[in-house]
Amino acid sequence: MWVKLCCLLLYFLALFVLARVFEAVAWYESGFLATQLVDPVALSFRKLRTILECRGLGHSGLPEKKDVRELVEKSGDLMEGELYSALKEEEASESVSSTNFSGEMHFYELVEDTKDGIWLVQVIANDRSPLVGKVHWEKMVKKVSRFGIRTGTFNCSSDPRYCKRRGWLKSTLIMSVPQTSTSKGKVMLKEYSGRRIEVEHIFKWITAHAASRIKTVYNSEHLKEEWNKSDQYRVKIYLFANLDQPPAFFSALSVKFTGRVEFIFVNVENWDNKSYMAEIGIYKTPSYILRTPEGIYRYGNNTGEFISLRAMDSFLRSLQPEVNDLFVLSLVLVNLMAWMDLFITQGATIKRFVVLISTLGTYNSLLIISWLPVLGFLQLPYLDSFYEYSLKLFRYSNTTTLASWVRADWMFYSSHPALFLSTYLGHGLLIDYFEKKRRRNNNTDEVNANNLEWLSSLWDWYTSYLFHPIASFQHFPFDSDWDEDPDLFLERLAFPDLWLHPLIPTDYIKNLPMWRFKCLGAHSDEEMLETFPDSESDSDSENKEVFSSDREASEDDELSTFHRCSEAERRCGAEPCPCANKYCHPEPCGRKARSYGSCSSAGDMEPDWSAWPPEMLHCTECVVCLENFASGCLLMGLPCGHVFHQNCIVMWLAGGRHCCPVCRWASYKKKQPYTHPQPLSSDPPS
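Residue numbers (mature numbering (1 follows the signal peptide of the UniProt record, and there is no 0)): -19 to -1, 1 to 667.
These aren't lab readings, by the way, just hints derived from the structure by calculation. Every residue gets a Cβ at the ideal spot worked out from N, C-alpha and C, and that includes glycine. Any given hint could be a false lead.
Across the chosen pairs, the derived CB separations fall in these ranges [said to hold, decoys possible]:
hint, residue 1, residue 2, range
1, E596, F367, 32 to 40 angstroms
2, N316, E72, 27 to 35 angstroms
3, K171, L347, 19 to 27 angstroms
4, F367, L406, 36 to 44 angstroms
5, F(-4), R176, 48 to 56 angstroms
6, F415, M(-19), 13 to 21 angstroms
7, I277, N316, 35 to 43 angstroms
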């Protein structure tokens, strides 16, 4: 998870640097920056009209370029970035969808139950033609959609009873606007009563009703009273301008941020005394002033703060976010981080997508689960102060220059989704390249695995867990016994109880006690070689003479060893004896026993029991290979207390027989330690 988080942070850093590179290239080619002001006098009539349409100001009665230019200047300063965005939006010929309502419930859910938006609905009466024609309606939909106004069509033929109850007996236009200034308040429906059905007249009717919700100040005394008033709104935004009514984007934002931000329009058109404006720091108009408990902020002085709906919406969302905004942001970040698994995971293509789907499901589930207690805590009245301090932190951090750069980059990349996706893909391919190079240096085999190999290993893992209940939550190897003997599957079908054998990890074997078997009075190997050098030389001739007889004796020894292994099988159960050939190697211990003598066979040598762990039972023979313990051989004990050759018992346990060959106690379970009885003082020591 931390690796993916670091990769995501590196990606955001790369996007930030790339945006600065684009700005430098644009400045080098055109000689201006996005924050540079534009003189409206140098613009054409078409560009000026485009700016007015994006800001939501009517210009139908202004045929002269001079009048249009003055209206642009009265609504706010124009920057190069805003001009570029407006021209690009006009060139984009994207068709905006409009909702077709199926009945009363559909209309109620979308229109009357929506408390933070504006709807424009065309009602078509039974056996009547629509009030606005198809061509004009498409223009209307495209014009109002710039300001977040949603549109729809309600045909009374789908629900005539609802139209009669509403009084919609003729085709008309309905506009829904929140009635109160509180969040989630009531919604009022207004019907268009004008006779002219041109697009500009309908748009004026919409903006007039939306502007009626904004508090308007007409004189300095009213401004002083409103400026010093303290009410429920912690954040207020003032527009000081010489206009008849505020722009449409300003009115649309007042509806969108109902209950969070208060919008106030100060009309300074007929003001003679502007001394109080100078007292509060307002020296020019138009000005967009944000007033918070922390101070005054002039909107439009930093990067990306354009006079448009989209720019101001992102600015206000960063200052006064809703819980839903934070949830959507966390959802986007978590999914971007989860998609990094597609490039970090190495191996087969199918493996990458399987891991990706698993990561997406896990991360999104954890995100939703973690948000549930957060939503519950926010409902508690005791956390109001915490909520206020959090908003204060948001306001402090998002009024900095760095935050304005981040907002500008967000608007740039969101308007160019192809660039965003291509940079994300390029970043992922770089991660894939470096991760593959790192794993090749570590000699990881999974880099070269193909789809069939990975699916085969996945099937082995699945069948292993399907046919063996999980005994622990530890990591098990994927090696299956069926790789060695495919007939084992058919054999297990004949014995259904064997399917219930659990999978036991073999990690516990390395924790079992091990020690060397010693005898009292036994000499080391070097001492024996130094003591009997002559005997070995004398025995060479004897060995040559009896070579043939020794060969026959060795064959008899092998046959007797085979019978002993069969006897061990009979004692230990139906499992094959692990001492056969490759499993158990008693030969070194046997040679030592023949060379130096076993403690049990020699009467003058007793085992050194002080070297044994106290919980182990005293014995001198391994029941797996049926060989006596030789001095110096490595022993291993089980939790039950029985002792065996280390090689013999390791191969026994590794073969899947996780129990003691003698008492069948589980080799991975602890047992009450065995206490040796203390000998009496009169008894000879054993």
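Structure-based check of each hint:
1. E596 / F367: 32 to 40 angstroms: violated (57 angstroms)
2. N316 / E72: 27 to 35 angstroms: holds (31 angstroms)
3. K171 / L347: 19 to 27 angstroms: For K171 and L347 the Cβ distance comes to about 46 angstroms; the hint is violated.
4. F367 / L406: 36 to 44 angstroms: This hint holds: roughly 40 angstroms between Cβ atoms.
5. F(-4) / R176: 48 to 56 angstroms: Because 54 angstroms falls inside the window, the suggested range holds.
6. F415 / M(-19): 13 to 21 angstroms: holds (19 angstroms)
7. I277 / N316: 35 to 43 angstroms: Because 38 angstroms falls inside the window, the suggested range holds.
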